[in-house]
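Construct the entire structure; sequences and hints are all you get.
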Amino acid sequence: MVCKLCDLSPGLRLFGRRLKQTANLMVGMPDYDTYAAHRSATHPDLPVMTREEFFRERQARRYGAGGGGLRCC
Amino acid sequence: MSSAQASGKNAFNWLLWLAVSVLGTVALGVVALSRNEPINAIWLVTAAVCTYLVAFRFYSMFIGRSVLRIDPTRVTPAYRHNDGLDYVPTNKWVLFGHHFAAIAGAGPLVGPVLAAQMGYLPGTLWILAGVVFAGAVQDCIVLFVSVRRDARSLGDMIRSEMGEVPGVIAMFGILLIMIILLAVLALIVVKALAGSPWGTFTVFATMPIAILMGVYCRFIRPGRILEMSVIGVVLLLGALTYGQTVSQTPALAAMFTYSGETWALILIVYGFIAAVLPVWLLLAPRDYLSTFLKIGTIVALAIGIMVVAPVLHMPAVSRYIDGTGPVFSGQLFPFLFITIACGAVSGFHSLVSSGTTPKMIENENQIRMIGYAAMLMESAVAIMAMVAACVLEPGAYFAMNSPAGMIGTTAVQAAATISSWGFVITPDTLTQIAKDIGETTILSRAGGAPTLAVGMAHILSGVTGGRALMPFWYHFAILFEALFILTTIDAGTRVARFMIQDLAGIFVPSMRRTESWVSNVVATAIAVAGWGWFLYQGVIDPLGGINSLWPLFGISNQMLAAIALTLCTVVLFRMKQQRYAWVTIAPTVWLSVCTLVAGWEKLFDPTPAIGFLAHARVFGAALDAGKVLAPARSVVEMNRVVTNDYINAIMTAIFMALVVAMLVCGVISAMRALSNPSVTTKEVGGGLQTV
Numbered sequence: 000m001v002c003k004l005c006d007l008s009p010g011l012r013l014f015g016r017r018l019k020q021t022a023n024l025m026v027g028m029p030d031y032d033t034y035a036a037h038r039s040a041t042h043p044d045l046p047v048m049t050r051e052e053f054f055r056e057r058q059a060r061r062y063g064a065g066g067g068g069l070r071c072c
Numbered sequence: 000m001s002s003a004q005a006s007g008k009n010a011f012n013w014l015l016w017l018a019v020s021v022l023g024t025v026a027l028g029v030v031a032l033s034r035n036e037p038i039n040a041i042w043l044v045t046a047a048v049c050t051y052l053v054a055f056r057f058y059s060m061f062i063g064r065s066v067l068r069i070d071p072t073r074v075t076p077a078y079r080h081n082d083g084l085d086y087v088p089t090n091k092w093v094l095f096g097h098h099f100a101a102i103a104g105a106g107p108l109v110g111p112v113l114a115a116q117m118g119y120l121p122g123t124l125w126i127l128a129g130v131v132f133a134g135a136v137q138d139c140i141v142l143f144v145s146v147r148r149d150a151r152s153l154g155d156m157i158r159s160e161m162g163e164v165p166g167v168i169a170m171f172g173i174l175l176i177m178i179i180l181l182a183v184l185a186l187i188v189v190k191a192l193a194g195s196p197w198g199t200f201t202v203f204a205t206m207p208i209a210i211l212m213g214v215y216c217r218f219i220r221p222g223r224i225l226e227m228s229v230i231g232v233v234l235l236l237g238a239l240t241y242g243q244t245v246s247q248t249p250a251l252a253a254m255f256t257y258s259g260e261t262w263a264l265i266l267i268v269y270g271f272i273a274a275v276l277p278v279w280l281l282l283a284p285r286d287y288l289s290t291f292l293k294i295g296t297i298v299a300l301a302i303g304i305m306v307v308a309p310v311l312h313m314p315a316v317s318r319y320i321d322g323t324g325p326v327f328s329g330q331l332f333p334f335l336f337i338t339i340a341c342g343a344v345s346g347f348h349s350l351v352s353s354g355t356t357p358k359m360i361e362n363e364n365q366i367r368m369i370g371y372a373a374m375l376m377e378s379a380v381a382i383m384a385m386v387a388a389c390v391l392e393p394g395a396y397f398a399m400n401s402p403a404g405m406i407g408t409t410a411v412q413a414a415a416t417i418s419s420w421g422f423v424i425t426p427d428t429l430t431q432i433a434k435d436i437g438e439t440t441i442l443s444r445a446g447g448a449p450t451l452a453v454g455m456a457h458i459l460s461g462v463t464g465g466r467a468l469m470p471f472w473y474h475f476a477i478l479f480e481a482l483f484i485l486t487t488i489d490a491g492t493r494v495a496r497f498m499i500q501d502l503a504g505i506f507v508p509s510m511r512r513t514e515s516w517v518s519n520v521v522a523t524a525i526a527v528a529g530w531g532w533f534l535y536q537g538v539i540d541p542l543g544g545i546n547s548l549w550p551l552f553g554i555s556n557q558m559l560a561a562i563a564l565t566l567c568t569v570v571l572f573r574m575k576q577q578r579y580a581w582v583t584i585a586p587t588v589w590l591s592v593c594t595l596v597a598g599w600e601k602l603f604d605p606t607p608a609i610g611f612l613a614h615a616r617v618f619g620a621a622l623d624a625g626k627v628l629a630p631a632r633s634v635v636e637m638n639r640v641v642t643n644d645y646i647n648a649i650m651t652a653i654f655m656a657l658v659v660a661m662l663v664c665g666v667i668s669a670m671r672a673l674s675n676p677s678v679t680t681k682e683v684g685g686g687l688q689t690v
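Order-wise, the sequence lines are chains A and B. Residues in the first sequence are numbered consecutively from 0, following numbering that gives the first Met the number 0. Residues in the second sequence are numbered consecutively from 0, following numbering that gives the first Met the number 0.
Any given hint could turn out to be false.
Here are some chain B residues the structure puts well away from chain A; computed CB gaps all over 12 Å [stated by the list, open to error]:
1) N9
2) G96
3) A100
4) M206
5) G237
6) L288
7) R493
8) D501
Listed below are several chain B residues computed to face chain A (Cβ distance under 7 Å; list not exhaustive) [to be verified]:
9) V93
10) H97
11) F218
12) P221
13) W279
14) A283
15) T290
Label pairs and their in silico Cβ distance ranges [claimed, not checked]:
16) A:E56 to B:L276: 45 to 55 Å
17) A:K19 to B:A467: 42 to 52 Å
18) B:A660 to A:R50: 31 to 41 Å
19) A:K19 to B:N364: 46 to 56 Å
20) A:L45 to B:L22: 52 to 62 Å
21) A:R50 to B:T24: 49 to 59 Å
22) A:R50 to B:A524: 33 to 43 Å
Hints were generated in silico from the structure; no laboratory data involved. Because the structure is a prediction, the values reported are computed rather than measured. Positions of the beta carbon are idealized from the N, C-alpha and C atoms, including for glycine.
This is the structure:
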């Protein structure tokens, strides 16, 4: 029984993570961990924004010129 | 898997789809053929859901495989330009949520409520047919076209596939639809909040709450959106509860009671201030709050309808298909098809489908699920709005949605008039409903939001709380819509500002500098003045404003859809897939016919309630005779009514000209593609090419 829960919990954790990602992306906020992983994998020599900088940059972008803040009626 | 097992599974699949189809047909039959006997809303929901399932399984698969020839091996922009920010390969369910949140707005909640005056059947059939063959097709193909072009925007793609002139025409069209959209949304807020201290108080309270959230999220716990939103929702519910005390305390109630005109001015000033404030302070936090509230409310409404299984009291088809309805004037064709835009087909979605979503698609084989299915979900929201409007007694529905000029301003007058139309209702019932929802009156609250709120209160109080909680549910629904619309007004004013700067930049290059304070203020002022003007004239309109503004909005929205579908058609021709081009040509033709006929009638119909010019003539003649017609109170107001009519007429003419111009450009582009023996699309990437 305990083992079954162990097997289940990674699935549950992934579900929770996806749910959180969905809620964040609904308001235009992409996943910070994905961003950080991408940066360190592809541009290890360049600086990476902190969580806070990332939040501010994305927020300004969503409502800025050419951003994605467009929503339907 | 052995072949016997595989064929067994196959047979089971076919049986399952057969069952879904049969169930859908039976449900549609019940919905369509019931006469003189109220039916249960579950039939409507079942018919809709089965239609969606079958359409998604078969029609969208046909579109994906045969028409678009989706290529799962092709690299998408999310991988090609992956930057972890705008371009991010995203899990399809996560992206589905993002896309749905971006396309679902107040539109699908309002259109069906207005269209309910013709009965539930015409609107429902159009919502279902429209979404399957037009709306979802548009969203899906625009998404596909954008994914194949590095996720470029609609305007950009029109420019590159069709030419500079159609590009500028489309840009201009998008700006105009934006202005009309903001005006009509603001008008809905005015109609819902004028004379309602409870609603006004809670909407005012959202501002300090949002600012608190903004400060929290920027300085105290940076970036914790979800945490902050939970706090925001709790505070909001607190404000909502306290609103009852406000409405019951005369001194407080007086502070929060405003007329429609005052509300219009408040919104105009507010729109300007909100659009120049830093986004993190007010706009962003309120956007978060309203998005989560919206998703929550939609889910709650869906559960409510399934649990309560309410009966629809509205007839299947009412006498107002003849065009004499009090909510909006004009016959079933073409006016039903422009009244329900969002939920059936919404041109606005083409901007979202060519916006952020194509930058995040992992694989082309997810386009169907994101583009097509998300629109089916929005259509389901429209069906729920239709249900919410039709659970009301028709008499109450018409009392709420008819202008004061028609039904008078007291419950006795209204009940007498509406009963004489054949929808029997007593003055006591009208007063009782107002009392049940904690308002002083429900008369002439056109615009959809209050009707939807009463319907929702009716349904949700059936789930929990009973009559005691009805006022709470009603004001919750009003708050949710108002909050949502105010956010759209903020964000939309900003978007309109950027568009104005972009367009004006063609003539005055310095206007393009979005970091320049002067050009920002000028462009914002133009944007606010644009929608503010239409809003104010809508508020003082004798026919209730919705009657003139909503058709303009519907026409402009369908016009944009026709433009987007024209682009899709041209792209199909250039891909040498013209044998399947009917998939986009059919909805393009239908929408063009609807918008052009509706536009023509709005211009030249001799009935003053329909034709802008006829209305101008009536008021002009009265002016010449020295008379003042209600609700105008002076010669100045009379002049204003006439001017408004002419401006509305000019707007309509511009929309019609835009549609015709785009169609001509589309035909020219398609002919050119036909005469060229090779594929001429300007796609980016392809095959197994990596980066």
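Hints versus structure:
Every beta carbon of chain A lies more than 12 Å from that of B:N9, the smallest distance being close to 29 Å; the non-interface claim holds. Non-interface status of B:G96 relative to chain A is broken: a Cβ of that chain comes within 12 Å, the nearest being about 4 Å off. Once the 12 Å rule is applied to beta carbons, B:A100 is inconsistent with being away from chain A; the minimum gap is 4 Å. At roughly 17 Å from the closest C-beta of chain A, the C-beta of B:M206 stays outside 12 Å, upholding its exclusion from the interface.
With a minimum CB-CB distance of about 22 Å to chain A, B:G237 clears the 12 Å threshold, and the non-interface call stands. At roughly 9 Å, the least C-beta separation between B:L288 and chain A is not larger than 12 Å, which violates its mark as non-interface. For B:R493, the shortest C-beta to C-beta distance to chain A comes to about 6 Å, within the 12 Å cut-off, and the non-interface label is violated. At the 12 Å boundary, the C-beta of B:D501 falls inside the reach of chain A, the nearest C-beta of that chain being 8 Å off.
Using the Cβ-Cβ criterion of 7 Å, the hint placing B:V93 at the interface with chain A is satisfied: the shortest such distance is roughly 5 Å. About 4 Å separates the beta-carbon of B:H97 from the nearest beta-carbon of chain A, less than 7 Å, and the hint is met. A distance limit of 7 Å between C-beta atoms decides the matter here; for B:F218 the minimum to chain A is near 10 Å, and the interface restraint is violated. Taking 7 Å as the C-beta contact cut-off toward chain A, the hint placing B:P221 at the interface holds, the least distance being around 4 Å.
A hinted interface residue such as B:W279 counts as satisfied when its beta carbon comes closer than 7 Å to some beta carbon of chain A; here the least separation is about 6 Å, so the hint holds. With its C-beta approaching chain A no nearer than about 5 Å, B:A283 sits inside the 7 Å limit, and its interface hint holds. Hint on B:T290 holds. Least Cβ distance to chain A is approximately 5 Å, under the 7 Å limit. Restraint check, A:E56 to B:L276: a C-beta distance of roughly 19 Å breaks the suggested window 45 to 55 Å.
Against the hinted window of 42 to 52 Å, the Cβ-Cβ separation of A:K19 and B:A467 comes to about 36 Å, which falls outside the hint. Restraint check, B:A660 to A:R50: a C-beta distance of roughly 49 Å breaks the suggested window 31 to 41 Å. In this structure the supplied range 46 to 56 Å is violated for A:K19 paired with B:N364, their Cβ-Cβ distance being about 25 Å. Distance hint for A:L45 and B:L22: a CB-CB separation of about 57 Å, consistent with the stated range 52 to 62 Å.
Between A:R50 and B:T24, the C-beta spacing of about 53 Å keeps the proposed range 49 to 59 Å intact. Separated by about 37 Å at the C-beta atoms, A:R50 and B:A524 satisfy the suggested range of 33 to 43 Å.
This entry does not satisfy hints 2, 3, 6, 7, 8, 11, 16, 17, 18, 19, going by the numbered hints stated previously.
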